[in-house]
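Asks: Given next are the chains, with one letter for each unit.
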Amino acid sequence: MNGDDGAREEGYVREVREKAERLSRARQREGGFWRHVAHVGSLGFVFVLPLVTGAVLGHCVAERTGRRGLALVLLLVGLLAGAFGSWRLIQESLREDGE
Amino acid sequence: MSTLELGIRTAVSTLFQGRVRSIRAEDLDGWFGIRPGRRDLAAVLPAGLLLFEDEAGEAFVALAGGLLDLRGDCCRVMAREALLARRLDEIADRVEQYTRVRRQRSDAQRDVFDDLAKEALRRLARQDVSR
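Top to bottom, those sequences are chains A and B. Under numbering that gives the first Met the number 0, residues 0 to 98 are what the first sequence spells out, in order. Under numbering that gives the first Met the number 0, residues 0 to 130 are what the second sequence spells out, in order.
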């Protein structure tokens with residue numbers, strides 16, 4: 000066996016291993032309907048929870064202090080936190096799909 | 000259910016010959032599927048995997064590059080090397096084991112040829128000396 004044959008065989012083994020692993024990972028990710036439901040559910044949860052928390056907290060603080068502006072500020076903070084959490088979740092999901 | 004006739008051959012043997020329900024293969028543009036009734040096609044297959052489904056279930060074929068030719072309900076695959084496994088997690092190990100054994104055999108054959116060449120040279124040298 001010469002050097003070319005050796006390199007070709009190594010390439011063959013490497014290609015098959017990589018493709019088998021990629022296929023195996025893709026099949027593991029194909030969790031089907033419930034996996035997608037869970038994903039969409041968690042996305043909504045991550046967005047809505049900080050928003051509602053900010054709104055409730057802002058309302059309580061505004062009631063106690065009498066400063067209505069604080070309710071709006073905390074609502075916006077909640078909105079931004081929710082948007083940031085959702086963005087991170089989507090980025091993670093895209094990275095997993097890219098692998 | 001309609002089926003396809005699939006034949007996978009290497010230079011030295013026929014790896015598989017039989018009726019299959021579907022085939023999945025990869026060419027330079029990516030994965031494609033073949034089911035009965037598909038339009039004829041020819042494709043160059045790089046080193047990688049080919050999948051098919053028959054009566055016994057799913058099968059995985061490791062190809063070291065080859066050609067796929069589909070005409071009607073007959074699909075022929077000609078490959079430089081091909082190995083078949085029924086489980087995805089064992090195909091890579093089988094290829095590695097196969098290439099390792101072949102390399103060992105090749106090395107052993109080379110050693111035999113080296114020994115024969117040395118012996119031939121020794122005899123020639125001896126004949127020269129005796130003259």
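Take these hints with a grain of salt, some might be off.
Footprint (simulated), chain A over chain B, 3 or more residues, beta carbon under 8 Å [as the list claims (entries may be wrong)]:
1. 19-28
2. 32-39
3. 94-100
4. 117-124
Calculated from the model, a selection of chain B residues having no Cβ within reach of chain A, i.e. all distances over 10 Å [claimed, not checked]:
5. Val11
6. Glu80
7. Asp113
Beta-carbon label-pair distances, calculated as ranges [said to hold, decoys possible]:
8. Trp86(A) with Arg18(B): 27 to 37 Å
9. Asp88(B) with Leu93(A): 20 to 30 Å
10. Cys73(B) with Asp4(A): 23 to 33 Å
11. Arg21(A) with Tyr97(B): 37 to 47 Å
12. Ser129(B) with Arg16(A): 53 to 63 Å
13. Trp86(A) with Gly29(B): 39 to 49 Å
14. Val51(A) with Arg18(B): 56 to 66 Å
15. Ser23(A) with Gly32(B): 25 to 35 Å
16. Leu88(A) with Cys73(B): 47 to 57 Å
17. Gln90(A) with Val11(B): 43 to 53 Å
18. Glu17(A) with Ala116(B): 17 to 27 Å
19. Asp110(B) with Ser23(A): 36 to 46 Å
No lab work stands behind these hints, which were simulated from the structure alone. Each residue gets a CB set at the ideal place from its N, CA and C atoms; glycine is no exception.
Asks: None of the hints should be skipped; say for each whether it holds.
Replies: So, going through the hints one by one against the coordinates:
A stretch counts as covered by a chain when three or more of its residues have a beta carbon under 8 Å from one of that chain; for the stretch 19-28 of chain B and chain A the count is 1, and the coverage is violated. Counting residues of the stretch 32-39 of chain B whose CB lies closer than 8 Å to any CB of chain A gives 0, which falls below the minimum of 3, so the coverage claim is violated. Coverage of the stretch 94-100 of chain B by chain A holds. Counting CB-CB distances below 8 Å, 3 residues qualify, and the rule asks for three or more. Remark: the stretch 117-124 of chain B is not confirmed as covered by chain A, as 0 of its residues place a Cβ nearer than 8 Å to a Cβ of that chain, below the required three.
Listed as outside the interface, Val11(B) is consistent with that label: its C-beta sits roughly 15 Å from the nearest C-beta of chain A, beyond the 10 Å cut-off. Interface exclusion of Glu80(B) from chain A breaks down, the closest Cβ pair being 7 Å apart, not more than 10 Å. Residue placement check: Asp113(B) keeps its beta carbon more than 10 Å from all beta carbons of chain A (closest about 14 Å). Against the hinted window of 27 to 37 Å, the Cβ-Cβ separation of Trp86(A) and Arg18(B) comes to about 51 Å, which falls outside the hint.
Separation of Asp88(B) from Leu93(A) is about 27 Å and conforms to the stated range, judged on CB atoms against 20 to 30 Å. For the hinted restraint 23 to 33 Å between Cys73(B) and Asp4(A), the CB-CB distance of approximately 32 Å keeps it satisfied. Here the CB-CB span from Arg21(A) to Tyr97(B) is close to 21 Å, at odds with the stated 37 to 47 Å. The beta-carbon spacing between Ser129(B) and Arg16(A), approximately 57 Å, falls within the hinted interval of 53 to 63 Å.
For the pair Trp86(A) and Gly29(B), the beta carbons lie near 30 Å from each other, so the given range of 39 to 49 Å is not met. Checking the proposed 56 to 66 Å range against Val51(A) and Arg18(B) shows it holds: the Cβ atoms sit about 59 Å from each other. Remark: the range hint 25 to 35 Å for Ser23(A) to Gly32(B) is contradicted by a beta-carbon distance near 19 Å. For the pair Leu88(A) and Cys73(B), the beta carbons lie near 49 Å from each other, so the given range of 47 to 57 Å is met.
Distance hint check for Gln90(A) and Val11(B): the Cβ-Cβ separation is about 50 Å, which falls inside the suggested range of 43 to 53 Å. In this structure the supplied range 17 to 27 Å is violated for Glu17(A) paired with Ala116(B), their Cβ-Cβ distance being about 40 Å. Checked against the hint of 36 to 46 Å, the C-beta distance between Asp110(B) and Ser23(A) comes to roughly 39 Å, which is consistent with it.
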